[in-house]
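Undergrad: Sequence:
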Amino acid sequence: MERKLTRSEFISLSIMLFGLFFGAGNLIFPPMLGFNSGNKTIVSFIFFTLTAIIFPVLGVITVSKTNGLQNLAKKVHPAFALVFTIVIYLSIGPGLGIPRAGVVPFEMAIFQYLPKDFDANISRLIYTLIFFSIAYYVSLSPNKLVKRSGKILTPILISLILILFVGILFKNPNNVGLPKGVYAKSPAIVGFVEGYNTLDAIAALNFGLVISLTLRKFNIKNEKEIVGYTIKSGLLAGFILLLIYAILSYIGMMISGSSIEFENGAQILSYISESLYGQFGVALIILIFTLACLTTSIGLIVSISEYFATLTNKINEKTWALIVTLFAFIVSNFGLNAILSITVPVLQIVYPFSLVIIIMGLLHDKIGFTKATYVVAAIVSFAIAIFTMLINLGLEIPFFTGFISTFPFYNVGLNWVIPTIISIFFTQLISKK
Numbered sequence: 000m001e002r003k004l005t006r007s008e009f010i011s012l013s014i015m016l017f018g019l020f021f022g023a024g025n026l027i028f029p030p031m032l033g034f035n036s037g038n039k040t041i042v043s044f045i046f047f048t049l050t051a052i053i054f055p056v057l058g059v060i061t062v063s064k065t066n067g068l069q070n071l072a073k074k075v076h077p078a079f080a081l082v083f084t085i086v087i088y089l090s091i092g093p094g095l096g097i098p099r100a101g102v103v104p105f106e107m108a109i110f111q112y113l114p115k116d117f118d119a120n121i122s123r124l125i126y127t128l129i130f131f132s133i134a135y136y137v138s139l140s141p142n143k144l145v146k147r148s149g150k151i152l153t154p155i156l157i158s159l160i161l162i163l164f165v166g167i168l169f170k171n172p173n174n175v176g177l178p179k180g181v182y183a184k185s186p187a188i189v190g191f192v193e194g195y196n197t198l199d200a201i202a203a204l205n206f207g208l209v210i211s212l213t214l215r216k217f218n219i220k221n222e223k224e225i226v227g228y229t230i231k232s233g234l235l236a237g238f239i240l241l242l243i244y245a246i247l248s249y250i251g252m253m254i255s256g257s258s259i260e261f262e263n264g265a266q267i268l269s270y271i272s273e274s275l276y277g278q279f280g281v282a283l284i285i286l287i288f289t290l291a292c293l294t295t296s297i298g299l300i301v302s303i304s305e306y307f308a309t310l311t312n313k314i315n316e317k318t319w320a321l322i323v324t325l326f327a328f329i330v331s332n333f334g335l336n337a338i339l340s341i342t343v344p345v346l347q348i349v350y351p352f353s354l355v356i357i358i359m360g361l362l363h364d365k366i367g368f369t370k371a372t373y374v375v376a377a378i379v380s381f382a383i384a385i386f387t388m389l390i391n392l393g394l395e396i397p398f399f400t401g402f403i404s405t406f407p408f409y410n411v412g413l414n415w416v417i418p419t420i421i422s423i424f425f426t427q428l429i430s431k432k
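Letter by letter, the sequence shown follows residues 0 to 432 of numbering that gives the first Met the number 0.
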């Protein structure tokens, strides 16, 4: 008889998946979205969910159906699949994503409350040492991930966010203002781009492996059952994300008429939390940021360690977990700005095709994309992404600079979308004949 998940196990699995997704950007973007959108928050929020929720959930489902990111990317070419998968795991992992998650709570929530005579570098070093020690310890037992993340860490995180929400409901500042800047002109496009900036679609390509691994720890062996549970848990995790994003956007919207200037969502949450609860609010916001980033880091360490252990077949998961954690700890202490200066160019290159391959992988059984279509989609999306990244870095490229800047949605970083769709359509049409 096939082993089935109990209702409690399934809910814990889904909450764990939510916790894996819900990191630093997920906390920062929605409050700022609400604050800048004002009375147009509903419009920007709807489009925000497309890239911040729907694409990540589809990513988890697609990777599960294809039994891993590398198998999915092999539709382009085996060599490409290996390189692309390694770049994805490294970019969202020890080189960029994990260290950013480790340092964001410190720089966004903790540093502002430290005495002025505290050395920032030493303080960051101590905080990240504690943070990554906990992340490493939890990641050593993937079979206990659901218990520790799905039943303890993430439920605590959700409860703390709800405390913040209840506080603003009772105080009810109701100071909703008009949309600001680009939010007034294009709330839908800006919302879409803000969801894009959470990076969860790339993270989804990693977390499909975590869910599959976790289900096998529950003795779920049947591949159809694994895919089925992954789809269901992805949908429930997406619904929880929707609720939490709505809460955070609402918080920002309710003070959008304020004369106070905020640079990011972390400042909004810190301001609200301290205004509502005083010193308890300070502790509350520090815990929220730390737990959000901790659960994400744990999931990334587990998925990356599992992948490289399988790839090399010589170094086990625990050793890889140590390597990944140590590397992330070192990188995190260069500071957040240094990390972001590397993150943005790399993600500008890999993110477009990540979204493309998620959609193509999901539709493959119905449409039957040819190998040529996958290859052309990769070439077009990568080429545009690379040239755009170089232009953004200030490099003038004869002909290409002017040509690429004429593509639709260039100003919001989505100039790859229309050319890629057109190339997929015509390549599929021609190669199917």
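Among the hints, erroneous ones may be present.
To be verified - Computed cross-link-like contacts, BS3-like style, restricted to lysine-lysine with a CA-CA straight-line distance of at most 25 Å: (1) Lys3 x Lys179; (2) Lys39 x Lys223; (3) Lys317 x Lys3; (4) Lys73 x Lys146; (5) Lys146 x Lys223; (6) Lys143 x Lys73; (7) Lys3 x Lys146; (8) Lys365 x Lys3; (9) Lys317 x Lys223; (10) Lys73 x Lys3; (11) Lys370 x Lys146; (12) Lys216 x Lys370; (13) Lys220 x Lys231; (14) Lys365 x Lys431; (15) Lys431 x Lys223; (16) Lys370 x Lys143; (17) Lys39 x Lys179; (18) Lys3 x Lys115; (19) Lys73 x Lys223.
As the list claims (entries may be wrong) - Label-pair distances were calculated between CB atoms; the ranges are: (20) Asn263 x Phe333: 42 to 50 Å; (21) Lys143 x Ser430: 30 to 38 Å; (22) Phe424 x Ile125: 26 to 34 Å; (23) Phe399 x Phe424: 36 to 44 Å; (24) Arg215 x Gly367: 42 to 50 Å; (25) Leu49 x Arg2: 32 to 40 Å; (26) Leu310 x Thr405: 27 to 35 Å.
These are computed hints drawn from the structure, not numbers from a lab.
Keep in mind that this is a model prediction, so the values were computed, not measured.
No residue lacks a Cβ here, since even glycine has one placed at the ideal position from N, Cα and C.
Undergrad: Each of the hints needs a verdict: does it hold here or not?
TA: Now for the hints, and whether the structure bears them out:
no.: 1; hint: Lys3 x Lys179; verdict: 50 Å, violated
no.: 2; hint: Lys39 x Lys223; verdict: 42 Å, violated
no.: 3; hint: Lys317 x Lys3; verdict: 28 Å, violated
no.: 4; hint: Lys73 x Lys146; verdict: 34 Å, violated
no.: 5; hint: Lys146 x Lys223; verdict: 24 Å, holds
no.: 6; hint: Lys143 x Lys73; verdict: 32 Å, violated
no.: 7; hint: Lys3 x Lys146; verdict: 17 Å, holds
no.: 8; hint: Lys365 x Lys3; verdict: 29 Å, violated
no.: 9; hint: Lys317 x Lys223; verdict: 29 Å, violated
no.: 10; hint: Lys73 x Lys3; verdict: 32 Å, violated
no.: 11; hint: Lys370 x Lys146; verdict: 42 Å, violated
no.: 12; hint: Lys216 x Lys370; verdict: 35 Å, violated
no.: 13; hint: Lys220 x Lys231; verdict: 17 Å, holds
no.: 14; hint: Lys365 x Lys431; verdict: 14 Å, holds
no.: 15; hint: Lys431 x Lys223; verdict: 29 Å, violated
no.: 16; hint: Lys370 x Lys143; verdict: 40 Å, violated
no.: 17; hint: Lys39 x Lys179; verdict: 10 Å, holds
no.: 18; hint: Lys3 x Lys115; verdict: 55 Å, violated
no.: 19; hint: Lys73 x Lys223; verdict: 21 Å, holds
no.: 20; hint: Asn263 x Phe333: 42 to 50 Å; verdict: 20 Å, violated
no.: 21; hint: Lys143 x Ser430: 30 to 38 Å; verdict: 48 Å, violated
no.: 22; hint: Phe424 x Ile125: 26 to 34 Å; verdict: 54 Å, violated
no.: 23; hint: Phe399 x Phe424: 36 to 44 Å; verdict: 23 Å, violated
no.: 24; hint: Arg215 x Gly367: 42 to 50 Å; verdict: 30 Å, violated
no.: 25; hint: Leu49 x Arg2: 32 to 40 Å; verdict: 35 Å, holds
no.: 26; hint: Leu310 x Thr405: 27 to 35 Å; verdict: 41 Å, violated
Consistency note: the structure conflicts with the earlier hints numbered 1, 2, 3, 4, 6, 8, 9, 10, 11, 12, 15, 16, 18, 20, 21, 22, 23, 24, 26.
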